[in-house]
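There are 2 protein chains.
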Amino acid sequence: MNIYDVSERAGVSIATVSRVLNGNPNVSEKTRSRVMEVMNELGYTPNVFARGLGLNTMRTIGIMCSDSSDPYLANAIYYLERELRANGYDSILCCTGTSLENKRQYFDLLLSKRVDAVILAGSKFIEMEEKDNAYLIDAARDLPIMLVNGFLDAPGIYSTVCDDHSAIYHAAARLIASGRKRILYLYTSRSYSGTNKLQGYKDALRDGGLPIRPELIHQCAKDLHAARSLLLSLAAEGLEFDAVMTSDDSLAVGAVKYAHARNISIPEELAIIGYNNSMLSYCTDPEISSIDTKVEELCITTVKTLMGVFGGGDVPGKTTIAADFIQKQTTNF
Amino acid sequence: MNIYDVSERAGVSIATVSRVLNGNPNVSEKTRSRVMEVMNELGYTPNVFARGLGLNTMRTIGIMCSDSSDPYLANAIYYLERELRANGYDSILCCTGTSLENKRQYFDLLLSKRVDAVILAGSKFIEMEEKDNAYLIDAARDLPIMLVNGFLDAPGIYSTVCDDHSAIYHAAARLIASGRKRILYLYTSRSYSGTNKLQGYKDALRDGGLPIRPELIHQCAKDLHAARSLLLSLAAEGLEFDAVMTSDDSLAVGAVKYAHARNISIPEELAIIGYNNSMLSYCTDPEISSIDTKVEELCITTVKTLMGVFGGGDVPGKTTIAADFIQKQTTNF
DNA sequence: TCCTTGATTGTAAGCGCTTACATTTATTCT
DNA sequence: AGAATAAATGTAAGCGCTTACAATCAAGGA
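Sequences listed follow chains L and V, in order. The opening position of the first sequence corresponds to residue 2 in my numbering, with each subsequent residue numbered one higher. The opening position of the second sequence corresponds to residue 2 in my numbering, with each subsequent residue numbered one higher.
There may be inaccurate statements among the hints.
One copy or two, it doesn't matter: identical chains are merged, so the pair holds either way.
Below, simulated DSSO-like cross-link-like pairs (lysine-lysine); rule was C-alpha separation at most 30 Å, straight line [stated by the list, open to error]:
no., residue 1, residue 2
1, K223, K182
2, K305, K114
3, K223, K329
4, K223, K295
5, K295, K319
6, K203, K223
7, K329, K203
8, K132, K203
9, K319, K132
10, K223, K132
11, K203, K319
No wet-lab data here; the hints were simulated from the structure.
Generate the whole structure from the sequences, applying the supplied hints.
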C-alpha cells in the first residue's frame with residue numbers, strides 16, 4: 002500500500018498524490034477531494050521513512066531529561082509531549098542520567114536519528130565548565146536546541162526559564178518580614194537555576210539586613226531522608242534556625258520529617274518552604290508552602306518558541322516566566 | 002556524508018560498507034576494520050530514514066502511558082526506556098490520557114510511525130468492554146504488543162503482570178492475623194489489576210473468616226485529598242474501621258491525613274497499607290507500609306520478552322512477577 | 001596446471017516519497 | 001478566435017540505504 006496504489010486508483014500521478022499529502026496549494030479542489038477519498042478508502046498512511054528521506058525531517062523532537070521519575074521532570078515531559086503533538090510533532094525521549102558522558106552520548110544518538118530539534122528538560126544539562134557545553138553550542142548550528150529551565154547564551158540555543166531568583170528572593174523576603182532571623186538554605190545542585198536560587202536567597206538576606214552565614218547554607222542530595230539526616234546532625238551540632246528554604250520539595254519533605262522527629266512545631270518554631278510545588282509538598286502534614294514554577298507554562302512557551310524558530314520568525318533567545326508562591330501550612334505570613 | 006563517501010574513501014563498494022554497518026559476517030576482517038576506520042575518520046552516521054526504508058524497521062518501540070506524571074508510570078517509563086536502549090532500540094513516548102478515543106488515536110499514530118512494537122504501560126489500556134480492545138487484538142497480528150501490568154489473551158499480545166492478587170491477599174491476611182476486624186478497601190479503578198487486587202482483598206477476608214461488607218469497599222479518585230475527604234465523610238456517617246488498604250499510595254497518603262485530622266493514632270487505632278511503594282509513601286509521617294510491585298523487574302522482563310519475540314523464540318504470553326510487602330510505620334505486625 | 005569450491009566483493013534494482021522541470025489544460029486579453 | 005498567461009498535472013531524477021544476484025579471487029584437489 003503506497004502512493005502508487007493511491008495514484009492509480011484515483012487516476013492521477015503520484016506527484017499529485019504527494020501534493021495533496023503535503024497540502025501543496027497547486028491542486029484543484031476536485032482532484033484533492035478525490036484523492037483524499039481514495040486514501041480513506043484504502044486506509045493509506047504515508048511511509049515515514051520514505052517521507053523522511055525526501056524531506057529530511059521526521060517531524061520528531063528529541064527530549065532529553067536526566068530522570069523521568071523526578072516528579073518535576075515527569076510533569077515537564079507530559080506537557081512537552083502534549084504540546085508537541087498538538088503541533089504535529091512526535092517526541093522521542095531519552096532519560097540520560099547525570100553523567101556528562103551519557104548526556105553527550107544520548108545527544109549524539111538523537112542527532113543520528115535526525116530529530117528536528119532537541120529539548121533539554123531540566124537544568125542538569127548545562128555544565129559548570131564552559132568547555133563541557135561546547136558540544137551543545139556546536140550542535141546548535143545545525144538544529145535548534147531548547148532549554149527548559151536552563152540557560153546558555155549561544156546562537157541556535159533558546160531558553161525558557163523560571164524566574165528562580167525572584168521567586169526565592171520574595172519568599173525569603175516574606176520570611177524575613179515575618180520575623181525569621183536564621184533561615185537555613187538547602188540546595189541540591191549548582192546548576193544554572195540552582196545558582197540563581199541561591200543568589201536570590203543571598204540578595205534577600207542582604208536587602209533584609211540579615212547577615213549571610215555560610216553555616217546556614219548547605220548542599221544536600223535530592224532525597225528526603227538525606228535532608229532529614231542533614232538537619233538532624235546540624236541541629237545536633239548546635240546550629241539554630243527558625244526557617245528552612247529548599248531548592249526542591251523533596252528536601253522540604255525532609256525538613257518536615259526533621260521537625261516531627263524533634264517535636265518542633267511548624268510553622269511556629271520552624272517555617273519551611275519547598276520548591277516546585279510538586280505532589281510531594283501536598284503529602285506531608287502540614288502541607289508544605291512551595292513555589293509553583295509553572296511547569297506547564299514553561300513547556301507551552303518552549304514549544305511555542307520552537308515552532309517560532311521553525312517558522313523562521315524572530316524569536317527571543319531567552320524567555321522568563323514568573324513563579325508563584327503557594328501558601329500552604331508550613332508558613333504563617 | 003553518506004555511504005558513498007565512505008565506500009570511496011575506503012576503496013570498497015557501498016555494499017561492503019552496508020555489510021559492515023549491519024554486522025554481516027561475509028566481510029573479511031581486514032576490510033571490516035578498514036571501513037570502520039574510515040567511518041570514524043569521517044564521523045559518518047547512517048541515515049535512519051534510508052535505513053528504515055530498506056529494512057522497514059526503525060528500531061523504535063512505541064510506549065504508551067496514560068499519564069507520565071503518575072510516579073508509578075514515570076518510573077516505568079524510565080526503566081523501559083533504559084532497557085530498550087540497552088538493547089539498541091529507541092522509544093517514542095505517547096501520554097494518552099484515559100479516554101478510549103485518545104488511546105486509539107495515539108495507537109494509530111504509533112503504527113503510522115512504523116514502530117516495531119508497542120508497549121502499553123499501566124493497566125489503563127485494557128477496557129471493560131471486550132469490543133473496545135478489538136483494535137489491540139487486531140493490531141497484534143502485525144506487530145508485538147506488550148502489556149506492562151495488564152492482561153489480554155490474544156496472539157501477539159504479551160503481558161507482564163505483578164501478582165496483585167496475592168500481594169493484597171497476603172497483606173490483608175497479615176492485618177487480619179494481627180487482629181484487625183474491619184478493613185476498609187479503597188480502590189481507584191476496575192482495571193485488570195484493580196479487579197485482581199479487589200479479589201485478593203475479598204479472598205483474604207473470606208479465608209480469614211471475616212465477612213465481606215460492601216460498606217467497607219469504596220471507589221475513590223486517585224487523589225490524596227479525595228481520599229481524605231471520603232474517609233472523613235464515611236467516618237462522619239458512623240462507619241468504623243481499624244485498617245485501610247488502598248490500591249494506590251496516593252489514597253494511602255489521604256488516609257494518613259484523615260487520621261491526622263481526626264487525631265487517630267497510626268498504627269494503633271488505624272493501620273494503613275498503600276500500594277506501589279512510591280515516593281509518596283515515604284513522604285508522610287509515619288511512613289506508609291506499602292507493596293513494592295517491582296516496576297523495574299516488570300519492565301526488564303517486558304523488554305526481555307519483547308526481544309525474545311523479535312528473536313523468534315518461543316515466548317510465554319504472560320509472565321507474573323511477585324510483589325514484596327514493605328513494612329514501614331503504618332502497620333505493626 | 002586447471003577446475004571446483006567457497007569466501008569475498010561488486011553491481012544494480014529497488015524501498016516510497018518529494019520536487020524541479022516539462023507538459024498539458026484552462027483562462028484571460030486583444 | 002488565437003496568442004499569451006496562469007493553473008493543474010505528469011515525468012523522472014534523486015534521497016541513502018539494503019540485498020539478491022553476479023562477478024571475482026584465493027585455495028585446494030585431481
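| query | Any of the earlier hints contradicted here, and which numbers? | reply | Of the numbered hints given earlier, the structure breaks none, since each of them holds.
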